[in-house]
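Respectively, the protein sequence lines represent chains A and B. Counting from 1, one number per residue, gives the positions in the first sequence under the numbering used here. Counting from 281, one number per residue, gives the positions in the second sequence under the numbering used here.
Please keep in mind that the hints were generated in silico from the structure rather than gathered at the bench. No experiment lies behind these values; they were computed from the predicted model shown. Watch out, some of these pointers could steer you wrong.
[Unchecked claim] Sample of chain B residues at the chain A side, in silico, Cβ under 8 Å:
| hint | residue |
| --- | --- |
| 1 | R285 |
| 2 | H288 |
| 3 | S338 |
| 4 | L451 |
| 5 | S527 |
| 6 | M544 |
Cβ atoms here follow ideal geometry from the backbone N, Cα and C, with glycine treated the same way.
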Amino acid sequence: MYKILTKKQLNPTVTMMDIEAPLVANKAEAGQFIILRVDDDGERIPLTVAGYDRKAGTVKIIFQIVGATTMALDKKNEGEYISDFVGPLGCATRTEGIKKVCIVGGGVGCAIAWPVARKFFELGAEVHSIIGFRNKDLLILEKEFADCSHKLTIMTDDGSYGRRGVVTEPLKEAIESGERYDEVIAIGPLIMMKFVAATTKPYNIPTTVSMNPIMIDGTGMCGGCRLTVGGKTKFACVDGPDFNGFEVDFDEAMARSSMYAEFEKAERENFCNLFKKEVL
Amino acid sequence: MAFQREKHPMPVLEPSVRVHSFNEVALGYTEEIAIAEAQRCLNCKDRPCVDGCPVNISIPDFISEIKKGDFEGAYKVISESSSLPAVCGRVCPQETQCESRCTLGIKFEPVGIGRLERFAADYHNKNFVGEPQTPSPNGHKVAVVGSGPSGLTCAGDLAKKGYKVTVFEALHTAGGVLVYGIPEFRLPKSIVQKEVETLKKYGVDVQTNVVIGKTLTVDELFKEGYEAVFMGSGAGLPRFMGIPGESLKGVYSANEFLTRANLMYAYKSGSHTPVMRAKKVAVVGGGNVAMDAARTALRLGAEKVYIVYRRSMEELPARREEVEHAEEEGIEFKVLCNPVEILGYVNPDDRRDPRNGFVTGIKVVKCELGEPDEKGRRRPVEIKGSEYTIDVDCVIMAIGTSPNPLIKNTTEGLQVNNHGGIIAEEKTGKTSKAGVYAGGDAVTGAATVILAMGAGKSAAAAIDEYISGKAQKI
Chain A
1 MYKILTKKQL NPTVTMMDIE APLVANKAEA GQFIILRVDD DGERIPLTVA
51 GYDRKAGTVK IIFQIVGATT MALDKKNEGE YISDFVGPLG CATRTEGIKK
101 VCIVGGGVGC AIAWPVARKF FELGAEVHSI IGFRNKDLLI LEKEFADCSH
151 KLTIMTDDGS YGRRGVVTEP LKEAIESGER YDEVIAIGPL IMMKFVAATT
201 KPYNIPTTVS MNPIMIDGTG MCGGCRLTVG GKTKFACVDG PDFNGFEVDF
251 DEAMARSSMY AEFEKAEREN FCNLFKKEVL
Chain B
281 MAFQREKHPM PVLEPSVRVH SFNEVALGYT EEIAIAEAQR CLNCKDRPCV
331 DGCPVNISIP DFISEIKKGD FEGAYKVISE SSSLPAVCGR VCPQETQCES
381 RCTLGIKFEP VGIGRLERFA ADYHNKNFVG EPQTPSPNGH KVAVVGSGPS
431 GLTCAGDLAK KGYKVTVFEA LHTAGGVLVY GIPEFRLPKS IVQKEVETLK
481 KYGVDVQTNV VIGKTLTVDE LFKEGYEAVF MGSGAGLPRF MGIPGESLKG
531 VYSANEFLTR ANLMYAYKSG SHTPVMRAKK VAVVGGGNVA MDAARTALRL
581 GAEKVYIVYR RSMEELPARR EEVEHAEEEG IEFKVLCNPV EILGYVNPDD
631 RRDPRNGFVT GIKVVKCELG EPDEKGRRRP VEIKGSEYTI DVDCVIMAIG
681 TSPNPLIKNT TEGLQVNNHG GIIAEEKTGK TSKAGVYAGG DAVTGAATVI
731 LAMGAGKSAA AAIDEYISGK AQKI
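Chain A on its own, in the form it takes in the complex:
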C-alpha cells in the first residue's frame, strides 16, 4: 500500500498528489512514468512522473479525470492509500548536448512537460516553454513553468488567458525570428504533437514527442502499447515513452487510442451514477 501524502486540485478536472514510494523516488527521472492501481480489483494505469523528492521518498503525479480509475483515484484523500505504485518505468528524457530547448505542453500534458522543463533548467540549458489550454479555467502549472523557463508563452484556444490560438503559432514565430533550438520537446494530445512535428520538420529541428498509449504491465510484456515509429513496431513502455516526432505514425496512434472509447464512456457513466447514489 502506498500513502497519499498531499493532494491538490489544479483545475476542476486535474489533480496533483504526492505519493510515498521511496524506491521509485530514488530512481525517477523526468520523462519516466509509473503504473498504479487504486484498489485491489482496479485497472493498471500509467501516469508520468511529475516530480520526485528523493530525500522525502515521494513521487508527484498529476492526472486528469478521464475514466473510472482516475475518478476513483480523485476520490482518495490525503492520508489514504492506493494499492499499487510501480516504477520508474520507461526511459528518461535524453538531455545530453542540448543547450537550448523549446518545451511545448498541451493541456494535462503540461504535467509531463513541467519536470522535463525543470530538468533542462537545472542542467543550465536555455528553456523556452509554450503551454496551451482550451481556456483559462483549465490552465495549470503557470507559476511552476515560469520558475523554470527563460521565456514562457501561454496560449488558450478561446483567448480567455494569454494569447489566443494554438501552440504551433508562437513556436513557428520563434523559429522564424531566429531562435536556434537544439531540440523541441512536445508533450500533449496526439494531434498537438503531430502538428508540432509538422511545424518543426521544415526547419529540421530535432523534435521529441512523449507517447502515452494504452498500457497494462508497462514492463515489456503485453505489447498493448505498440506504436509504429519509422516503419517499425516499437513499445512505448520499454523503447519510449519519448520518440522522434518525425517518425511516429500519429494517425495510427490516434486510431488505436480510441479502441475503448465506448467502454470508457460506459464505465464513467456507471461510476458517476454510483457516486450520485452515494451522495444522495
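Add chain B to chain A, keeping to what the hints say.
Frame of chain A, contents of chain B only:
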C-alpha cells in the same frame, strides 16, 4: 479384475457447460479412481519416467503411496522434488515427458502420472493442516527476480535449504505467467496463490511492484547483501508477424488479451478492465498460449473462434489435452493456413465513423508441408493464389515472444544471445556475471512451465554450491 489398458479418463465439465464459464475444466480424480489408476503402474525397475521429468520427481514412489491410500505421503514424495505440484499436475505436457517414457506405454496407454500428481497435490491442499517444517536459517541471502514458475521453484528450493530468499515481482500479484497467462479454467488462481502461500511459510519474502532493472538494479541487490541473484524474468515482448493491419483496433497480442482477461479479471462480470467482447475471433498460432487465448475468447462470449496455424494438426505444439478440449468446445482449426493481411473497416464518406479502423477480417493463404526444417518440422510452403478471407472482428497473435529487454539493458556484464535471451549454462543456469544465475523463458524464449521449473531447480542447486563454496574459502 481385468487389466485396464487405458488411462482412467479425467472427469471434466461438459463442453456445453464450460464454454460459458471460467470454472476449471478438468475436475480431478476421485480417491477411488486415483487408487485404480495408481495400480496400473508396474513399478518397473528402470523407472524411465523419472528421467522424463525435468525436476526428476520419484514418480513410482509417489504412485506407490497412492496405491496404499497414503495420499499425504504421496504429496511428500512429490514435494521433495517439486515446489509447485498442483500447478505441474495441471499444466505439464506429460505426454512428451514422464508419460512418454512409461514402460506400460509401450503396449498400452501410459500411467496417468500427471493426473495422479494433481490428485496428490489437491488432496494435500484440501486436507493438510499444520505448518511445514522450516529449516534453520543459514545466514545467506539470495534474490530471485520474477515470481513465475522458475523463480518460485528456485526460491522454494533455496528456502528449504535455509537461505533467506526475497522474490521481486514487477506486477502486483505473484505467479508470473501462472496468473497473467494461463487462464482460470485451466489453472485456477487460488491454486497458484496457495502454492505461493506455502513458499511464504518456508520463509520466502515476496515483494511485488518492484521492477528489477528499473526500481532496483542487479548490482544494487549485491550491494544490499544478496550473495546471488536468480533471473527468472520470463518471456517478454510479444512477436507480431509484420503483416499489414496489425495495428488495427481489435488486434491483440495473446499476452495482452490474456493479461486483461486473467490478471486484470476481465473474465469476471462487472470487471473494470476493458477487453473486446468480439463475436468472431481468429487466434494465430498453435501453441498452448493460442489454445488459451481461443478458449478464453469463447468464454468471453465469442460465437465463432478459429485457430489459424500454418502447419497441420500433427505439428501443433500445444498439449494434446488442450487441443482436444478446444475441439470439444467448438473451436475451428484452420490449419495449413498463414495470415497475409488483417483487414479493417473504412467508411470513405465519414472519417469520424466510429467503426473505422476496427478489424473486419483476416486474409490467409493456404499452405502445404514441404521439406523438414533444421528442427525436423516440415516447413509450410504457401500455395500461390489460394488466398481467402475469414470474417472476424478480432485477431489475437499468439506466435511467441522475445525475452524482456529491461534487465539486459541495465545489467552490466550480463551477456545475451542475438535473440536477447540471457546466456546461461544449461546445467547450472550460471551466466557471464559472477553470482548471477538465470533460467526459464528469460533464457530459452517462450517454453513450458515445467522446463522453467527445471531450470529454477538446477540453478538453486548451483547457487547453493556457489555460496557454500565461497563460505568455505573464508
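Numbers of unmet hints, in rising order: Checked against the structure, the hints that fail are numbers 1, 2 and 3, while the rest are satisfied.
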